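Participant: Please model the complete structure; the sequences and the hints are all you need to start from.
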Amino acid sequence: MALKRKSKQLRWRRKHLLGLRELSAEEITHILDTAKGFAQISTRSVKKAPPLRGKVVVNLFFEDSTRTRNSFALAASRLSADVVEFTKKASSVTKGETLLDTAKNLEAMGIDIVVIRHSAAGAPRLLSRNINAGVINAGDGYCEHPTQGLLDVYTIRKIKGTLEGLKIAIVGDIAHSRVARSDMWAMSKLGAEVTFVGPPTLIPGEVDKLPVKVSYSLDEVIEKVDVINMLRIQFERLGGNPFPSVREYSHYFGLTVERMKRAKPDILVMHPGPINRGLEIESEVADGSNSVILEQVKNGLAVRMAVLFLVNQAAAQAD
Amino acid sequence: MKVILDSGQIERILQDLASRIISETPAKFDIAAIGIRSRGEILAQRLSNRLSKELGKDVPCGTLDITLYRDDLNSPQGNAQPQVRTTEIGFNIDDKIIVLVDDVLYTGRSTRAAMDALIDLGRPKAIKLAVLVDRVGRELPIQADYAGYKTDITPGKLVQVNLIESDGKDEVVIE
Chain A
16 MALKRKSKQL RWRRKHLLGL RELSAEEITH ILDTAKGFAQ ISTRSVKKAP
66 PLRGKVVVNL FFEDSTRTRN SFALAASRLS ADVVEFTKKA SSVTKGETLL
116 DTAKNLEAMG IDIVVIRHSA AGAPRLLSRN INAGVINAGD GYCEHPTQGL
166 LDVYTIRKIK GTLEGLKIAI VGDIAHSRVA RSDMWAMSKL GAEVTFVGPP
216 TLIPGEVDKL PVKVSYSLDE VIEKVDVINM LRIQFERLGG NPFPSVREYS
266 HYFGLTVERM KRAKPDILVM HPGPINRGLE IESEVADGSN SVILEQVKNG
316 LAVRMAVLFL VNQAAAQAD
Chain B
4 MKVILDSGQI ERILQDLASR IISETPAKFD IAAIGIRSRG EILAQRLSNR
54 LSKELGKDVP CGTLDITLYR DDLNSPQGNA QPQVRTTEIG FNIDDKIIVL
104 VDDVLYTGRS TRAAMDALID LGRPKAIKLA VLVDRVGREL PIQADYAGYK
154 TDITPGKLVQ VNLIESDGKD EVVIE
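If you read the sequences in order, they're chains A and B.
Under the working numbering, the first residue of the first sequence carries the number 16, and numbering increases by one thereafter.
Under the working numbering, the first residue of the second sequence carries the number 4, and numbering increases by one thereafter.
Everything labelled a hint here was simulated from the structure, so no lab data went into it.
These numbers were taken from a predicted model, which means no experiment stands behind them.
Misleading hints may appear alongside valid ones.
Claimed, not checked - Simulated restraints on C-beta separations:
1. Lys60/B <-> Lys228/A: 57 to 65 Å
2. Asp119/B <-> Gly176/A: 42 to 50 Å
3. Asp281/A <-> Asp75/B: 41 to 49 Å
4. Gln48/B <-> Ser134/A: 48 to 56 Å
5. Asp75/B <-> Arg144/A: 23 to 31 Å
6. Gly180/A <-> Lys160/B: 27 to 35 Å
7. Val61/A <-> Lys60/B: 26 to 34 Å
8. Gly303/A <-> Gly11/B: 57 to 65 Å
9. Ser169/B <-> Val61/A: 26 to 34 Å
10. Asp75/B <-> Gly137/A: 30 to 38 Å
11. Gly59/B <-> Gly176/A: 37 to 45 Å
12. Glu100/A <-> Lys56/B: 51 to 59 Å
13. Leu115/A <-> Ile145/B: 45 to 53 Å
14. Asp223/A <-> Ser169/B: 30 to 38 Å
Glycine included, C-beta positions come from ideal geometry on N, C-alpha and C.
Facilitator: Printed below as a string of structure tokens:
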């Protein structure tokens, strides 16, 4: 503090994290670099640091979640913030209260950051335009899940060093996946070549306008990729009959021990969880030596601490 | 711009600091040097090399990032938006004499932040503060145990410590 130096370092100005589509590669890298400094807090005896002391973070989850909600709650408390948990089932939403009314009432209690998950794409953006608190998107419809995208690229970068030039396959139910979208934005901005793999019924329309390749055959891409991200089949979102049977899906698009034999020996196997064991991925693969699934969860904590920290910084300086 | 310390003087100060630390620390205690990013990191490394050599035993060295402990993080006036970096201390600090190293002691706020950060890592036997330059302008009740060069330069002026590892040459200048 006695020493003031000019530096070219990026200045973080966003008090909301709504998606990765709107971020530059520099901004994404800045979050990842910041997250590195937070990873170590979780390894020491006092797993807490003071930068959000006196701040209140609300977990506003209109959809179920295990990992993301707990990860945000833990991240916020490790930064010394107070955390208020909101779940749809136990709230006045069941009495007909609207999203904005709920948020404005919470805001009247003096909250600083809202972490929101909602089934409607754009709900976080709507919220950010109508309340003063910082807003972090924890998943909106099929649109984005930015912290998942960030923790995925953080995990890849940590192990592979860079994303530049890597070939990455995202496999499965792309159409209903906000993870696939956030991953695609982050990975492509950082220089990776992303391929969406799945049956035509689970590949979104207008995919030709996105920065990805498309393949309808996992067998065609398995040998070429450095990273494979297996998405969960989201039965709760599937309408109609996107594939004839679970067994057939598994046969063509499941990551099996047999398929893994043809993959690069250092391929990273990822999954955003929760896993349908034996469906999109066999247990032996999910728990195997190429799997970084639990590493993703661990890194998610550091990434969410970094996001909470940066959003809070931008909000404090915007006042 | 005025040079107040050249490379020879910096060398002599570091040697003097090492000698004083050794003479004032009972032999039964283990010493470790921990530098505050970023110039303190380099000075701590140099100091630990000298201490290791003179004591004939390893004096471990670590780096402390104090960003999360700063007291101006949430202040709207604070223009600073410091980059959070990693703390790298690969040893247990419990029961050691920790020599906390910084380049310039000025307001004392970095030292306060560093002490809080250290306490979250363990319980050292003692924390001693060693600085290359000790200038007036304290805003907290903090003093150096081992001060190299003392100056009463007017508060507000910039004291810049350049080191070979980060800046290409050793010197301290007032701008």
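Participant: The structure should be examined with respect to each hint, and the outcome stated for every one.
Facilitator: A quick look at each hint next to the structure:
{"no.": "1", "hint": "Lys60/B <-> Lys228/A: 57 to 65 Å", "verdict": "holds (58 Å)"}
{"no.": "2", "hint": "Asp119/B <-> Gly176/A: 42 to 50 Å", "verdict": "violated (33 Å)"}
{"no.": "3", "hint": "Asp281/A <-> Asp75/B: 41 to 49 Å", "verdict": "holds (44 Å)"}
{"no.": "4", "hint": "Gln48/B <-> Ser134/A: 48 to 56 Å", "verdict": "holds (53 Å)"}
{"no.": "5", "hint": "Asp75/B <-> Arg144/A: 23 to 31 Å", "verdict": "holds (30 Å)"}
{"no.": "6", "hint": "Gly180/A <-> Lys160/B: 27 to 35 Å", "verdict": "violated (48 Å)"}
{"no.": "7", "hint": "Val61/A <-> Lys60/B: 26 to 34 Å", "verdict": "holds (29 Å)"}
{"no.": "8", "hint": "Gly303/A <-> Gly11/B: 57 to 65 Å", "verdict": "holds (59 Å)"}
{"no.": "9", "hint": "Ser169/B <-> Val61/A: 26 to 34 Å", "verdict": "holds (30 Å)"}
{"no.": "10", "hint": "Asp75/B <-> Gly137/A: 30 to 38 Å", "verdict": "holds (36 Å)"}
{"no.": "11", "hint": "Gly59/B <-> Gly176/A: 37 to 45 Å", "verdict": "holds (39 Å)"}
{"no.": "12", "hint": "Glu100/A <-> Lys56/B: 51 to 59 Å", "verdict": "holds (56 Å)"}
{"no.": "13", "hint": "Leu115/A <-> Ile145/B: 45 to 53 Å", "verdict": "holds (48 Å)"}
{"no.": "14", "hint": "Asp223/A <-> Ser169/B: 30 to 38 Å", "verdict": "violated (49 Å)"}
Hints 2, 6, 14, counting from the list given before, are not met by this structure.
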